[in-house]
Amino acid sequence: MLKLMLITNDPDFAKFAEGVGVNRIFVDLEINGKLARQQHLDTFITSHKMDDVAKVKRALSKAELLVRLNPLYDGTEREIDQAIEAGADFLMLPMFTSATQLQQFSTMVRGRAGIVPLIETAAAFEDLDRIAQVPGVTELFVGLNDLHLDMGMDFMFEPLIDGKIQHFAECSKQYDKPFGFGGVARMGEGLVSGRAVVSEHVRLGSELVILSRTFYRKEDDGQHDLEAFAEAIAQLREAERILMQRSSEQVRDDQEELRKSVNIVVEKKRALAQ
Numbered sequence: 001m002l003k004l005m006l007i008t009n010d011p012d013f014a015k016f017a018e019g020v021g022v023n024r025i026f027v028d029l030e031i032n033g034k035l036a037r038q039q040h041l042d043t044f045i046t047s048h049k050m051d052d053v054a055k056v057k058r059a060l061s062k063a064e065l066l067v068r069l070n071p072l073y074d075g076t077e078r079e080i081d082q083a084i085e086a087g088a089d090f091l092m093l094p095m096f097t098s099a100t101q102l103q104q105f106s107t108m109v110r111g112r113a114g115i116v117p118l119i120e121t122a123a124a125f126e127d128l129d130r131i132a133q134v135p136g137v138t139e140l141f142v143g144l145n146d147l148h149l150d151m152g153m154d155f156m157f158e159p160l161i162d163g164k165i166q167h168f169a170e171c172s173k174q175y176d177k178p179f180g181f182g183g184v185a186r187m188g189e190g191l192v193s194g195r196a197v198v199s200e201h202v203r204l205g206s207e208l209v210i211l212s213r214t215f216y217r218k219e220d221d222g223q224h225d226l227e228a229f230a231e232a233i234a235q236l237r238e239a240e241r242i243l244m245q246r247s248s249e250q251v252r253d254d255q256e257e258l259r260k261s262v263n264i265v266v267e268k269k270r271a272l273a274q
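Going by UniProt numbering, the first residue of the sequence shown is number 1, and it counts up by one from there.
Because the hints were derived from the structure by calculation, they are not lab data. In this text, all values refer to a predicted model and were calculated from it rather than measured experimentally. Check the hints yourself; a few may be wrong.
[Claimed, not checked] Mimicking DSSO-like on lysine-lysine, the simulated pairs with C-alpha atoms at most 30 Å apart in a straight line are: (1) K218 x K15; (2) K15 x K62; (3) K15 x K49; (4) K57 x K177; (5) K15 x K3; (6) K3 x K164; (7) K269 x K164; (8) K15 x K177; (9) K49 x K3; (10) K3 x K177; (11) K57 x K15; (12) K268 x K164; (13) K49 x K62.
[Unchecked claim] Computed spacing ranges between beta-carbons, pair by pair: (14) T107 x A234: 39 to 45 Å; (15) D154 x T214: 19 to 25 Å; (16) R259 x N145: 18 to 24 Å; (17) K260 x T107: 43 to 49 Å; (18) R259 x E77: 39 to 45 Å; (19) L226 x E126: 41 to 47 Å; (20) K260 x M151: 20 to 26 Å; (21) E170 x V20: 30 to 36 Å; (22) S98 x Q235: 35 to 41 Å; (23) Q250 x E85: 47 to 53 Å.
Every residue, glycine too, gets a C-beta built ideally from N, C-alpha and C.
Build out the structure end to end from the sequences listed, making use of the hints.
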């Protein structure tokens with residue numbers, strides 16, 4: 001079963017999400033360089049603060065807490081210490097380019113929290129074998145937004161249909177590391193439907209996925225639409241259950257549907273860019 005990760009710094013929402021089946025809360029402190037990389041995309045850049053980590057941790061009773069830090073810089077060790085002290089179970093390092101850099105991060109963590117390398121540069125992707133063997137690495141995760149940009153692709157789901165995520169999955173399994181990739185929209189929503197993305201997670205044996213912005217519906221008063229959120233989680237779980245029971249032929253059909261859906265988006269993006 002997929003571990004569902006929700007990006008939020010709202011303790012009340014985190015507690016509710018935990019109660020309806022979200023397995024991990026994700027506090028996102030990454031800001032260094034992110035706006036410059038993604039400002040032309042329709043992506044969400046958070047305003048989370050280190051103080052949010054402890055607040056969210058106190059609200060949780062069973063869900064895990066992951067904190068994404070900034071890429072390596074002079075303040076990395078301080079960020080690591082503060083996040084661990086605040087209760088982080090896992091630390092995510094973004095935008096690194098080699099196992100050597102990840103090893104530097106691991107040395108600073110000193111086994112105090114699980115390490116989830118966010119593989120989102122072409123150079124890091126080429127170094128997968130060594131990355132998987134860095135001490136302290138508990139899981140592997142591919143960030144499709146930045147990876148597709150760094151690889152010069154047009155759409156973030158292209159790595160799902162050109163063999164790259166297949167290779168990533170095989171490498172992760174070789175080193176017995178749980179793995180995941182990208183985000184997923186609500187079932188029936190998204191440029192590529194949430195169901196199509198979940199189908200590929202199930203086929204590959206992925207264990208981790210981030211819930212996309214489509215899950216963050218708000219009511220007129222600005223509060224989270226909790227009923228709609230709970231329903232969306234239930235729909236995802238039901239889709240996952242059904243997808244796990246597919247025949248080999250159905251799996252192949254879903255792969256083909258995913259390929260077609262991604263290529264349609266790619267063609268539209270290329271046409272608009274001309």
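Results for each hint:
Annotation: proposed proximity of K218 to K15 holds, straight-line Cα distance about 17 Å (limit 30 Å). Only pairs whose Cα atoms come within 30 Å are accepted, and K15 paired with K62 is accepted, the gap being roughly 9 Å. With a C-alpha separation of about 18 Å, the suggested pairing of K15 with K49 holds against the 30 Å cut-off. With a C-alpha separation of about 25 Å, the suggested pairing of K57 with K177 holds against the 30 Å cut-off.
Between the alpha carbons of K15 and K3 the distance comes to roughly 16 Å, so the proposed pair stays at or under 30 Å and holds. Between the alpha carbons of K3 and K164 the distance comes to roughly 22 Å, so the proposed pair stays at or under 30 Å and holds. For the given pair, K269 sits about 21 Å from K164 by alpha-carbon distance, which is consistent with the 30 Å threshold. The straight-line distance between the Cα atoms of K15 and K177 is roughly 28 Å, inside the 30 Å bound, and the hint therefore holds.
Restraint check: the Cα-Cα separation between K49 and K3 comes to about 24 Å, which is no more than 30 Å; the hinted pair holds. Between K3 and K177, the direct Cα distance comes to roughly 14 Å. Compliance with the 30 Å bound is thereby established for this hinted pair. Distance check on the hinted pair: K57 and K15 sit about 9 Å apart at the alpha-carbon level, within 30 Å; holds. For the given pair, K268 sits about 22 Å from K164 by alpha-carbon distance, which is consistent with the 30 Å threshold.
The suggested pairing of K49 with K62 holds, with an alpha-carbon distance near 22 Å, which does not exceed 30 Å. The hinted range of 39 to 45 Å is satisfied by T107 and A234, whose Cβ atoms lie roughly 42 Å apart. Remark: the range hint 19 to 25 Å for D154 to T214 is upheld by a beta-carbon distance near 21 Å. As the Cβ distance of R259 to N145 is approximately 20 Å, the hint placing it in 18 to 24 Å holds.
Between K260 and T107 the Cβ separation comes to about 46 Å, which falls inside the hinted range of 43 to 49 Å. A hinted range of 39 to 45 Å holds for the C-beta pair R259 and E77, which are about 44 Å apart. Between L226 and E126 the CB atoms are about 43 Å apart, so this pair conforms to the stated range of 41 to 47 Å. At about 21 Å, the beta-carbon gap between K260 and M151 stays in the expected band of 20 to 26 Å.
Between E170 and V20, the C-beta spacing of about 33 Å keeps the proposed range 30 to 36 Å intact. Hint check: S98 to Q235, Cβ distance near 40 Å, so the stated range 35 to 41 Å holds. In this structure, Q250 and E85 meet the distance hint of 47 to 53 Å, their C-beta atoms being roughly 48 Å apart.
When each numbered hint is compared with the structure, no violation occurs for any of them.
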